[in-house]
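Colleague: Residue-level listing of the chains:
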Amino acid sequence: MQIGYYPGCALHGSSNDYEMSVRATLTALGVQLKELDDWICCGATAAHSINKKLSIALPARNLAIAERDGYSEMLAPCPLCSNELMKTIKELSDSPALRREIAEVIELPIEGKTQVVNIIQVLQMVGVERIREAVKRPLSEFRPACYYGCLLTRPAKILKFDDPEQPGSMEEIVEALGAKPVQWNYKTECCGAGMTMANEDTVISLSHKILANAEAHGANCVVVACPMCHVNLDMKQRDIERRQGTRHQLMVYYISDLIGLALGLGEHELGIDRHFVSAPLAAVKE
Amino acid sequence: MSRIGVFTCWCGENIARMVDVQRVTETIAQVPGVRVAVNYKYMCSDPGQASIRDKIVEEKLDGLVVAACSPHMHLKTFRRAAAAAGLNPYLVEMANIREHCSWVHKDKELATAKAIEIIRMAVEKVRRNHALQPIRVPMTKRALVVGGGVAGIQAALDIADAGYEVVLVERDPSIGGKMAGLSETFPTLDCSQCILTPRMVEVGQHPRIKLHTYSEVEGVEGFVGNFKVQIRKKARYVDMIKCTGCGDCWAVCPSKKNLSEFDQGMGYRKAIYIPFPQAVPARPVIDKEACLYLKNGKCGVCAKKCVPQAINFSDQDEVITEEVGAVIVATGYRLYNITKDQDNSKLTGYGEYGYGLYKDVIDGLQFERLASASGPTGGAIKRPSDGAEPKKIVFISCVGSRDEQHGMTYCSKICCMYVAKHAMLYKHKVHDGEAHIFYMDIRAGGKNYEEFVRRAIEQDGAVYHRGRVSKITQENGKLVVRGADTLLGQPVTIEADMVVLASAMRPSEGATRLAQMLNVGVDEFGFLSESHPKLRPVETNAAGVFICGACHAPKDIPEAVAQASAAAGKVAIMFANEELTRDPEVASVNELTCAACFTCVRACPYTAIEKAMVLDGRGNFIKNTARVNPGLCMGCGTCVAVCPSKSVDLEGFSEEQIYSQVESLAL
Amino acid sequence: METTANLIGEMAHTAVEDCYQCGKCTAGCPMADVMDLMPNQIVRLAQLGEEGRAVACGAIWLCVSCQTCTQRCPKSVDIAAVMDAMRQLSLERGTASESVKRTIAFQRAFLDNIRRNGRLNELELVGQYKTMAFLGDVSVPLLFKDALLAPKMMQRGKLHLIGEKVKDRGVVRRIFDRCMRQE
Chain A
1 MQIGYYPGCA LHGSSNDYEM SVRATLTALG VQLKELDDWI CCGATAAHSI
51 NKKLSIALPA RNLAIAERDG YSEMLAPCPL CSNELMKTIK ELSDSPALRR
101 EIAEVIELPI EGKTQVVNII QVLQMVGVER IREAVKRPLS EFRPACYYGC
151 LLTRPAKILK FDDPEQPGSM EEIVEALGAK PVQWNYKTEC CGAGMTMANE
201 DTVISLSHKI LANAEAHGAN CVVVACPMCH VNLDMKQRDI ERRQGTRHQL
251 MVYYISDLIG LALGLGEHEL GIDRHFVSAP LAAVKE
Chain B
1 MSRIGVFTCW CGENIARMVD VQRVTETIAQ VPGVRVAVNY KYMCSDPGQA
51 SIRDKIVEEK LDGLVVAACS PHMHLKTFRR AAAAAGLNPY LVEMANIREH
101 CSWVHKDKEL ATAKAIEIIR MAVEKVRRNH ALQPIRVPMT KRALVVGGGV
151 AGIQAALDIA DAGYEVVLVE RDPSIGGKMA GLSETFPTLD CSQCILTPRM
201 VEVGQHPRIK LHTYSEVEGV EGFVGNFKVQ IRKKARYVDM IKCTGCGDCW
251 AVCPSKKNLS EFDQGMGYRK AIYIPFPQAV PARPVIDKEA CLYLKNGKCG
301 VCAKKCVPQA INFSDQDEVI TEEVGAVIVA TGYRLYNITK DQDNSKLTGY
351 GEYGYGLYKD VIDGLQFERL ASASGPTGGA IKRPSDGAEP KKIVFISCVG
401 SRDEQHGMTY CSKICCMYVA KHAMLYKHKV HDGEAHIFYM DIRAGGKNYE
451 EFVRRAIEQD GAVYHRGRVS KITQENGKLV VRGADTLLGQ PVTIEADMVV
501 LASAMRPSEG ATRLAQMLNV GVDEFGFLSE SHPKLRPVET NAAGVFICGA
551 CHAPKDIPEA VAQASAAAGK VAIMFANEEL TRDPEVASVN ELTCAACFTC
601 VRACPYTAIE KAMVLDGRGN FIKNTARVNP GLCMGCGTCV AVCPSKSVDL
651 EGFSEEQIYS QVESLAL
Chain C
1 METTANLIGE MAHTAVEDCY QCGKCTAGCP MADVMDLMPN QIVRLAQLGE
51 EGRAVACGAI WLCVSCQTCT QRCPKSVDIA AVMDAMRQLS LERGTASESV
101 KRTIAFQRAF LDNIRRNGRL NELELVGQYK TMAFLGDVSV PLLFKDALLA
151 PKMMQRGKLH LIGEKVKDRG VVRRIFDRCM RQE
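Chains as they are written, first to last, in the working numbering: chain A, 1 to 286; chain B, 1 to 667; chain C, 1 to 183.
In isolation and in its complexed conformation, chain A is listed as follows:
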């Protein structure tokens, strides 16, 4: 299976462990990623906060490149990127006048026909059953709290992916790997997103609540599908512990990490040894 690939700045920046993990796992599952030629930043939080046209033009440029190069589908593993791309597709499809205007701005024709998918959707395209069959090392000691964050499922009208209030797509995959995901209350609560540097207090406060709730419901690790969530929960975990006076010591895995491990891939090739928090999994309480 071949699919277009839009890594986004995070995966080529400090979240390159996520890219390692995605590439290794998808390759093992027989998915070939074709990286978009000379892609540019989607604009992230800064663009939509400062200039609306820019927040449409930057993602549109990438969609136009995808169209030009003949991609019908494109994976964006970062939910902020995929959210911006999907919002742009909606804006462009609502207004032909806007389409024409943006085409001039980005110097490429654009129709917005490329389908943008997130990492979980790609895994669903591979098929949960196929993944289950490919498991070599069941993750039976893992009790993950599946953390979706904000942008995988919201706004549901545009993304149309999973249930925005009680999602279950990650749990389905995680169960197929032999792990037992916990039922907990912060599945879709915000971690603070791109505020890591812009407003650190926010992140400390919100991400702490997420880690605390995961633990309170018996999780011994957290699994995410977003590089910002990962940074806030993993890289900032020590800061959270210091500022809140708590001890979490929770491993934060990417969904692709867990699949990779279950398929028999190593921590190094999955980039897991690049995570900040490295803690043994707490023993499972039955």
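Check each hint, because a few of them may be wrong.
Taking lysine-lysine and the DSS-like style, the derived pairs with C-alpha atoms no more than 25 angstroms apart in a straight line are [claimed, not checked]:
#: 1; chain 1: B; residue 1: K382; chain 2: B; residue 2: K346
#: 2; chain 1: B; residue 1: K305; chain 2: B; residue 2: K288
#: 3; chain 1: A; residue 1: K160; chain 2: C; residue 2: K101
#: 4; chain 1: B; residue 1: K346; chain 2: A; residue 2: K87
#: 5; chain 1: B; residue 1: K257; chain 2: B; residue 2: K178
#: 6; chain 1: B; residue 1: K305; chain 2: B; residue 2: K178
#: 7; chain 1: A; residue 1: K52; chain 2: C; residue 2: K101
#: 8; chain 1: A; residue 1: K157; chain 2: B; residue 2: K346
#: 9; chain 1: C; residue 1: K75; chain 2: B; residue 2: K340
#: 10; chain 1: B; residue 1: K233; chain 2: B; residue 2: K288
Distance windows between CB atoms, simulated [stated by the list, open to error]:
#: 11; chain 1: A; residue 1: S278; chain 2: B; residue 2: K298; range: 36 to 46 angstroms
#: 12; chain 1: B; residue 1: E524; chain 2: C; residue 2: R181; range: 38 to 48 angstroms
#: 13; chain 1: B; residue 1: V252; chain 2: A; residue 2: R247; range: 29 to 39 angstroms
#: 14; chain 1: B; residue 1: V252; chain 2: A; residue 2: Q183; range: 34 to 44 angstroms
#: 15; chain 1: A; residue 1: E269; chain 2: C; residue 2: K167; range: 27 to 37 angstroms
#: 16; chain 1: A; residue 1: E141; chain 2: B; residue 2: C191; range: 50 to 60 angstroms
#: 17; chain 1: C; residue 1: K167; chain 2: A; residue 2: G218; range: 42 to 52 angstroms
#: 18; chain 1: C; residue 1: R174; chain 2: B; residue 2: N476; range: 50 to 60 angstroms
To be clear, the hints were calculated from the coordinates, so they are not data collected in a lab.
Even glycine gets a Cβ: it sits at the ideal position worked out from N, Cα and C.
Put chains B and C on the given structure of chain A with help from the hints.
Modeller: The following block gives chains B and C in isolation, referenced to the frame of chain A:
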């Protein structure tokens, strides 16, 4: 040559101000066939009508045109005047030169010219009218009421007390509907069952009410005054005549863990059960999915215990046919079940409230069962999860109502009142409890309703927070409710022991299917459509079918009862006549030219056209044909428009008439 | 009043007049506890054409764009987009609250970085942001905060001394210029 009389009305200044009625009269008098042309200030007045009658007799008129207001206003008046003078009332036409002319134009010259054309067309039309007699349809003076809740009960009693037989069909094992399950009703806090059960008993004992419970309507044929209704009486497995309702059977039944529908899933019942002690009829049914004997051939203890030998395991569903003249639909409501599991792809429920996930999040009807003295907890307010008495309850209004994004756009009308009531009942039972209500508005427009809500706040200490709730989670056995207080401008978090959701009122399941059987329209939510929202709230566009209660729209008990009596009144009006008379301006098929393509049959919105056969004098088949049932035809003309062979025509609006009207304009 | 209410509505492509102030947005907002104006109050100001008050508040820059408000709004009002519009307007008018100038400095530095490189160069961004912030409010702790993070990131191969650059940087610059022309 025709002898037509044209009477032009001034309507005071309404017409005369903008139309030169004198010139109109003089011009129309010149039209061939017009025998008399006069004008008068108020045609509909007594002298006006008298002048019409006199002229009809004097001039032996064979056609009448009254140029005045809309036929909606006075066509009946002038038809009656003509009939009184011996002229067939269907030889009367009205030319509307008021709503269609004087009221909408500002130029007197042009308006007068237009009025003349309008009257000219009417003259052409009436020239070709036929003298018609009203169609008389025999009528079965029996009524069917579908639904045995408070509305159905009221309607059935009223019709039966008026002297007519009523067939009452109810889907559940007992009548009583949702009201039988309520605890106390607002604004009087009457015990619901106490005020309802005497009516239920009356229904059960009424000599003119035939009660079919545990039954559903499966099919409807026929037309107003002559309906044939197929009713499926589901197998009860209990002989209704032998059974005495003693209860020995359900006392010994070993199948216990079946969620009780009557208790809204808050309690259990046996496989053989009576939904509640005051059930009418007080005879049990066996739930064949829960019965060990019917499923696996084991047990059968009830049959052994039954002294009159009333248990019959080989019972079958029975489909019967009832012939009735009128139908009243009173199928009531259900609450919006806000879990993910929906019957409609556009609805998504409210995952953020945790209903179905957390046991202590319940809806309004479930709280009624907790509060009810005959409920699963004997009227004690207890948490479903651990049976503890909740010390803090959050009541949330508008769950699924007034929400165009995730729910119903409409307001469910009764929730503001019953939320206040719930808070009061809770405080009456748990004096140190805290009742918190999240609301957007308080709708308390009925008699004594505002005072009732104020009582909840001022006397019983209910705390109202103005704002919606965004999310409910469960932490350490408490329900964490995140809402807002928009009056203070801050979020509000309450850790409650229980949450009660005022979920939206929706029409009962199956109501749309029933409406389709009866040719009654439904709106986008499945509520049955009335003929006119202001002036005809209990009639439908299907002749002989009436509606009342919550199947029409969310409403409270006083409104449901009032509508039920209104619908019964309409039925009594129908039945007060010997026969049904219908407007004779119906379609008819020229059976000689009809090619039997049956396009008209498919096009007719009232299923008024049948496939029939033309036979010779000896009964031999000659040809197929379409045939209009004059008892059902509403004169819409759709068949005329679609007939490829021009074999159907509409009485009073024939093709010839319409063409002649158009041609008269072109002259 | 009609035209100004639509100003935010038009910028955000949403019908702010549909809002009936139920407060569900405020109730679900993760930052409401620390905001000086509630989300529903910000929409109310937009409705009344009084967005002047809203664009001077700190709340709009505390918003994390989590989309919870938009997702749950019963009237389909896109409150997250209203927040974006308010942010854009506050920069256009120069009325942003003092309390959030660091946040604004960060976002501006981010866009600047993209304009130059086409993709984010993290080290460059951090350097620029800290410098701008330091020059803005002389905060020495801010200058040195996270300094210990750098070696840890390097250890893990997460710190790229030389960031990636897009090949056609000219088109990126032109896109920026065309979009931000009015500023």
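Colleague: Indicate, hint by hint, whether the structure satisfies it.
Modeller: Going through the hints against the structure:
no., hint, verdict
1, B:K382 x B:K346, "violated, 35 angstroms"
2, B:K305 x B:K288, "holds, 19 angstroms"
3, A:K160 x C:K101, "violated, 36 angstroms"
4, B:K346 x A:K87, "holds, 22 angstroms"
5, B:K257 x B:K178, "holds, 23 angstroms"
6, B:K305 x B:K178, "violated, 32 angstroms"
7, A:K52 x C:K101, "holds, 20 angstroms"
8, A:K157 x B:K346, "holds, 12 angstroms"
9, C:K75 x B:K340, "holds, 20 angstroms"
10, B:K233 x B:K288, "holds, 15 angstroms"
11, A:S278 x B:K298: 36 to 46 angstroms, "violated, 59 angstroms"
12, B:E524 x C:R181: 38 to 48 angstroms, "holds, 46 angstroms"
13, B:V252 x A:R247: 29 to 39 angstroms, "violated, 59 angstroms"
14, B:V252 x A:Q183: 34 to 44 angstroms, "holds, 40 angstroms"
15, A:E269 x C:K167: 27 to 37 angstroms, "holds, 29 angstroms"
16, A:E141 x B:C191: 50 to 60 angstroms, "holds, 58 angstroms"
17, C:K167 x A:G218: 42 to 52 angstroms, "holds, 49 angstroms"
18, C:R174 x B:N476: 50 to 60 angstroms, "holds, 57 angstroms"
Of the hints listed earlier, those the structure fails to meet are numbers 1, 3, 6, 11, 13, in rising order.
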